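In the numbering used here, the protein residues as written are 1 to 519.
Hints may contain errors.
[Claimed, not checked] So the derived label-pair ranges between C-beta atoms look like this:
| # | residue 1 | residue 2 | range |
| --- | --- | --- | --- |
| 1 | Val21 | Lys286 | 38 to 46 Å |
| 2 | Arg411 | Asp236 | 34 to 42 Å |
| 3 | Arg411 | Arg451 | 28 to 36 Å |
| 4 | Asn261 | Thr122 | 53 to 61 Å |
| 5 | Asn261 | Asp236 | 38 to 46 Å |
| 6 | Glu256 | Ala124 | 51 to 59 Å |
| 7 | Asp45 | Lys286 | 38 to 46 Å |
| 8 | Ala368 | Lys169 | 48 to 56 Å |
| 9 | Glu516 | Ala368 | 51 to 59 Å |
| 10 | Val436 | Gln502 | 51 to 59 Å |
| 11 | Tyr37 | Lys372 | 51 to 59 Å |
| 12 | Ala313 | Gly336 | 13 to 21 Å |
| 13 | Ala460 | Asn19 | 37 to 45 Å |
| 14 | Val337 | Ala93 | 47 to 55 Å |
[Stated by the list, open to error] Straight-line Cα separation of at most 27 Å, DSSO-like style, residue types lysine-lysine; simulated pairs:
| # | residue 1 | residue 2 |
| --- | --- | --- |
| 15 | Lys54 | Lys300 |
| 16 | Lys25 | Lys55 |
| 17 | Lys241 | Lys446 |
| 18 | Lys55 | Lys316 |
| 19 | Lys84 | Lys251 |
| 20 | Lys434 | Lys446 |
| 21 | Lys55 | Lys332 |
| 22 | Lys432 | Lys55 |
| 23 | Lys360 | Lys54 |
| 24 | Lys434 | Lys447 |
| 25 | Lys318 | Lys169 |
| 26 | Lys169 | Lys156 |
| 27 | Lys332 | Lys316 |
| 28 | Lys446 | Lys432 |
| 29 | Lys300 | Lys84 |
| 30 | Lys316 | Lys286 |
| 31 | Lys447 | Lys54 |
| 32 | Lys360 | Lys372 |
| 33 | Lys84 | Lys55 |
| 34 | Lys487 | Lys446 |
| 35 | Lys241 | Lys370 |
| 36 | Lys371 | Lys360 |
| 37 | Lys316 | Lys360 |
| 38 | Lys232 | Lys434 |
| 39 | Lys232 | Lys251 |
| 40 | Lys251 | Lys286 |
These aren't lab readings, by the way, just hints derived from the structure by calculation. Source: prediction; values computed, not measured. Glycine included, C-beta positions come from ideal geometry on N, C-alpha and C.
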Amino acid sequence: MSDATTPAPAATAPVSMDNLVALAKRRGFIFQSSEIYGGFNGFFDYGPLGAELKKNIRDCWWADMVQRRDDVVGIETSIIMHPKVWEASGHVAGFSDPLVDCKVSKQRYRADQLFFSPVVVTAADGVAQTVGYVSALESENTAGELQTAAESFKRKKAIQGTLCPVVAKDLTEAREDEIALIPSPATGEPGSLTAPRAFNMMFQTNVGAMTDGSSVAYLRPETAQGMFVDFKNVVDTGRVKLPFGIAQIGKSFRNEITPRNFIFRSREFEQMEMEYFIHEDADWSKVHEEWIAWCEAWLKSIGLPDSHLSRYAHPKEKLAFYSRGTVDIMFKYPFGVQELWGIAARGSYDLTQHANASGKPQEVFDEATKKKFVPHVIEPAVGVDRIFLAVLCAGYAEEAVTDEKGNTETRTVLRLSPRIAPVKVAVLPLLKNKEVLVARAQALYKKLQRRYAVFYDETAAIGRRYRRQDEIGTPWCVTIDFDTIEKPGDTFTLRDRDTMQQRRVTEAELFALLEEQVY
RNA sequence: GCGGCUAUAGUUUAGUGGUAAAACUCCACUCUUCCAAAGUGGUCUCGUCAGUUCGAUUCUGACUAGCCGCUCCA
1 MSDATTPAPA ATAPVSMDNL VALAKRRGFI FQSSEIYGGF NGFFDYGPLG AELKKNIRDC
61 WWADMVQRRD DVVGIETSII MHPKVWEASG HVAGFSDPLV DCKVSKQRYR ADQLFFSPVV
121 VTAADGVAQT VGYVSALESE NTAGELQTAA ESFKRKKAIQ GTLCPVVAKD LTEAREDEIA
181 LIPSPATGEP GSLTAPRAFN MMFQTNVGAM TDGSSVAYLR PETAQGMFVD FKNVVDTGRV
241 KLPFGIAQIG KSFRNEITPR NFIFRSREFE QMEMEYFIHE DADWSKVHEE WIAWCEAWLK
301 SIGLPDSHLS RYAHPKEKLA FYSRGTVDIM FKYPFGVQEL WGIAARGSYD LTQHANASGK
361 PQEVFDEATK KKFVPHVIEP AVGVDRIFLA VLCAGYAEEA VTDEKGNTET RTVLRLSPRI
421 APVKVAVLPL LKNKEVLVAR AQALYKKLQR RYAVFYDETA AIGRRYRRQD EIGTPWCVTI
481 DFDTIEKPGD TFTLRDRDTM QQRRVTEAEL FALLEEQVY
């Protein structure tokens, strides 16, 4: 990798998501999925330019992460894996938090954190009767709160008899007829709570002809488990030794409750993940920091400006129990600073889980100590779609341009790094009714096309063609003009997208520029 | 999943209970010697499904989608 080659965007008005979405559609980057049927929430299609841009992001990552490193290998695992993978990983249990809504206050509670108890009163004749219900949120003294609430309930309703001790249960244990009688903690009145509903974020499907419980399988909610499950295969066949990484790019699926912010959170998305395995005694925090720095440098290499990037270290008390530390690289989107790339130190949790669940040890042998151990792992995980959105947001600019007559107009430009720009060069004959210009332009176009994504355009005035390319982020336009034909040297006009400056270059100089900038 | 607002051409918008428009874009042709030139012509539209009505893009309802706020993001 080298340093960023794209200049930082000029100070312009804040990017509006509406304008960005409009451009994405107008120029064929992103369409809503199934649009002619009214759209489908949480799913997106990538158009001709979007597919190119996305592929370039993927290819750059793969080249830098896998091909240009000696310590990382790539794999591609199946989207549907054995259901036990997701039991071992904790996703089946972790995804099933049932939630309860209060229809009046619009508050939402986790059912396992909302407790209730029947208020049972024993009358003078010794008959116990349930006279109502009380509820309380989970706290250090849930039972005590319920007891106090029950006493208050009995006093308010002026019920005679002896109050029995409360029996705290959480809402997941409530019967349907009980839910109607349990008061909402928000309003204190019964009748507004919904039954607990499980929001399992994994998409389910069935494998094979049978659709009974035994055939249930899941679309993967992350690609990472593929690397863990294939760990031994790679170790045994890949001639790798610690420390080393296994990387994968692929689609993942999560049944998000609220997909939002364009492609930022969608239900089908593409991940680029890498599991970097290290010795159990290695200094994980040093490796962790190295990977964070690597990820930041990589983001800059594809044109994301430093000014939009920041770090967020997850507070220790909020980490998942198996995590030793997680740092997110954040990006300043128009809708807020949001997570772009998570770099997690996961210890040996995943491999240990799979070793236990499968009964197959996931260990490597240490020649130095003659001992076996389960490696620890550092995991940088990033979404392709989030990077895609980030480069659009960072690159999009509406500039005021003044022509020689003094008229000011708006130029919409997408400042994409040459590394990822969907079109690297546009080849333009100055005039399309001059055969000599067209012929030279076609020849150059054909030659460039063998190595690069290039675009040929002879329609409309030259200025309009430049602006079209500005909007889709093409870094350079090459114009074949009369000087090309009439003057010695066979030079073209090379027009730079960001500066709008023009200079003359030869074919060799053009190829040298591309060789240097597009990698 | 809840609430509020919204839905007319590729984009941004006007408009109407009686066969729907503007600007820009896009395409073709003419023209054009470097930054969205001009002329002519052209393609494309009332989110979906019902209801009311002689007739619905317009009124009503449901649905779907979008934005905003909650919630959620293991």
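Right, here's what the structure says about each hint:
Taking 38 to 46 Å as the suggested C-beta distance range, the pair Val21 and Lys286 conforms, at roughly 42 Å. Distance hint check for Arg411 and Asp236: the Cβ-Cβ separation is about 57 Å, which falls outside the suggested range of 34 to 42 Å. A C-beta distance of roughly 29 Å is found between Arg411 and Arg451, which places it inside the suggested range of 28 to 36 Å. The supplied range of 53 to 61 Å is met by Asn261 and Thr122, whose beta-carbon atoms lie about 56 Å from each other.
Between Asn261 and Asp236 the Cβ separation comes to about 43 Å, which falls inside the hinted range of 38 to 46 Å. Checking the proposed 51 to 59 Å range against Glu256 and Ala124 shows it holds: the Cβ atoms sit about 56 Å from each other. Evaluation of the 38 to 46 Å hint for Asp45 and Lys286 yields a pass: the beta carbon distance comes to about 42 Å. For the hinted restraint 48 to 56 Å between Ala368 and Lys169, the CB-CB distance of approximately 54 Å keeps it satisfied.
Range check, Glu516 to Ala368: about 44 Å between beta-carbon atoms, so the 51 to 59 Å window is missed. Roughly 21 Å separates the CB atoms of Val436 and Gln502, a value that falls outside the hinted 51 to 59 Å. Between Tyr37 and Lys372 the C-beta distance comes to about 55 Å, which sits within the given range of 51 to 59 Å. Evaluation of the 13 to 21 Å hint for Ala313 and Gly336 yields a pass: the beta carbon distance comes to about 18 Å.
Take Ala460 and Asn19: their Cβ atoms lie about 23 Å apart, and the range 37 to 45 Å is violated. Distance hint for Val337 and Ala93: a CB-CB separation of about 31 Å, inconsistent with the stated range 47 to 55 Å. Proposed proximity of Lys54 and Lys300 is supported: the alpha carbons are some 17 Å apart, at most 27 Å. At roughly 18 Å between alpha-carbon atoms, Lys25 and Lys55 fall within 27 Å of each other, so this suggested pair holds.
This hinted pair does not check out: Lys241 and Lys446 have alpha carbons roughly 45 Å apart, beyond 27 Å. For the hint pairing Lys55 with Lys316, the CA-to-CA distance comes to about 36 Å; that exceeds 27 Å, so the pair is violated. Taking the CA atoms of Lys84 and Lys251, the gap is about 20 Å. The hint holds against a cut of 27 Å. Distance restraint check for Lys434 and Lys446: the Cα-Cα separation of roughly 19 Å lies within the 27 Å cut-off, and the hinted pair is therefore satisfied.
In summary, the hint linking Lys55 to Lys332 is supported, as the alpha carbons are separated by about 23 Å, within the 27 Å threshold. Among the hinted pairs, Lys432 with Lys55 is inconsistent with the structure: their alpha-carbon atoms are about 32 Å apart, more than 27 Å. The suggested pairing of Lys360 with Lys54 is violated, with an alpha-carbon distance near 38 Å, which exceeds 27 Å. For the hint linking Lys434 to Lys447, the alpha-carbon distance of about 21 Å falls within 27 Å, and the restraint holds.
Distance check on the hinted pair: Lys318 and Lys169 sit about 26 Å apart at the alpha-carbon level, within 27 Å; holds. Note on Lys169 and Lys156: the hinted pairing holds, with a Cα-Cα distance of about 23 Å set against a maximum of 27 Å. For the suggested pair Lys332 and Lys316, the alpha carbons sit about 24 Å apart, so the restraint of at most 27 Å is met. About 17 Å separates the Cα atoms of Lys446 and Lys432, which keeps this hinted pair within 27 Å; it holds.
In summary, the hint linking Lys300 to Lys84 is not supported, as the alpha carbons are separated by about 39 Å, beyond the 27 Å threshold. Restraint check for Lys316 and Lys286: the C-alpha separation of about 17 Å stays at or below 27 Å, so the hint holds. For the suggested pair Lys447 and Lys54, the alpha carbons sit about 24 Å apart, so the restraint of at most 27 Å is met. The suggested pairing of Lys360 with Lys372 holds, with an alpha-carbon distance near 14 Å, which does not exceed 27 Å.
This hinted pair does not check out: Lys84 and Lys55 have alpha carbons roughly 32 Å apart, beyond 27 Å. Restraint check for Lys487 and Lys446: satisfied, since their Cα atoms lie roughly 22 Å apart, inside the 27 Å limit. At roughly 15 Å between alpha-carbon atoms, Lys241 and Lys370 fall within 27 Å of each other, so this suggested pair holds. Between Lys371 and Lys360 the CA atoms are separated by roughly 17 Å; this keeps the pair inside 27 Å, and the hint holds.
A distance of roughly 32 Å separates the Cα atoms of Lys316 and Lys360; the hinted pair therefore is violated under the 27 Å criterion. Under the criterion of a C-alpha separation no larger than 27 Å, the hint pairing Lys232 with Lys434 is inconsistent with the structure, at around 64 Å. With a CA separation close to 23 Å, the supplied pair Lys232 and Lys251 stays within the 27 Å bound. Under the criterion of a C-alpha separation no larger than 27 Å, the hint pairing Lys251 with Lys286 is inconsistent with the structure, at around 30 Å.
The structure fails to meet hints 2, 9, 10, 13, 14, 17, 18, 22, 23, 29, 33, 37, 38, 40 from the earlier list, while all remaining hints are met.
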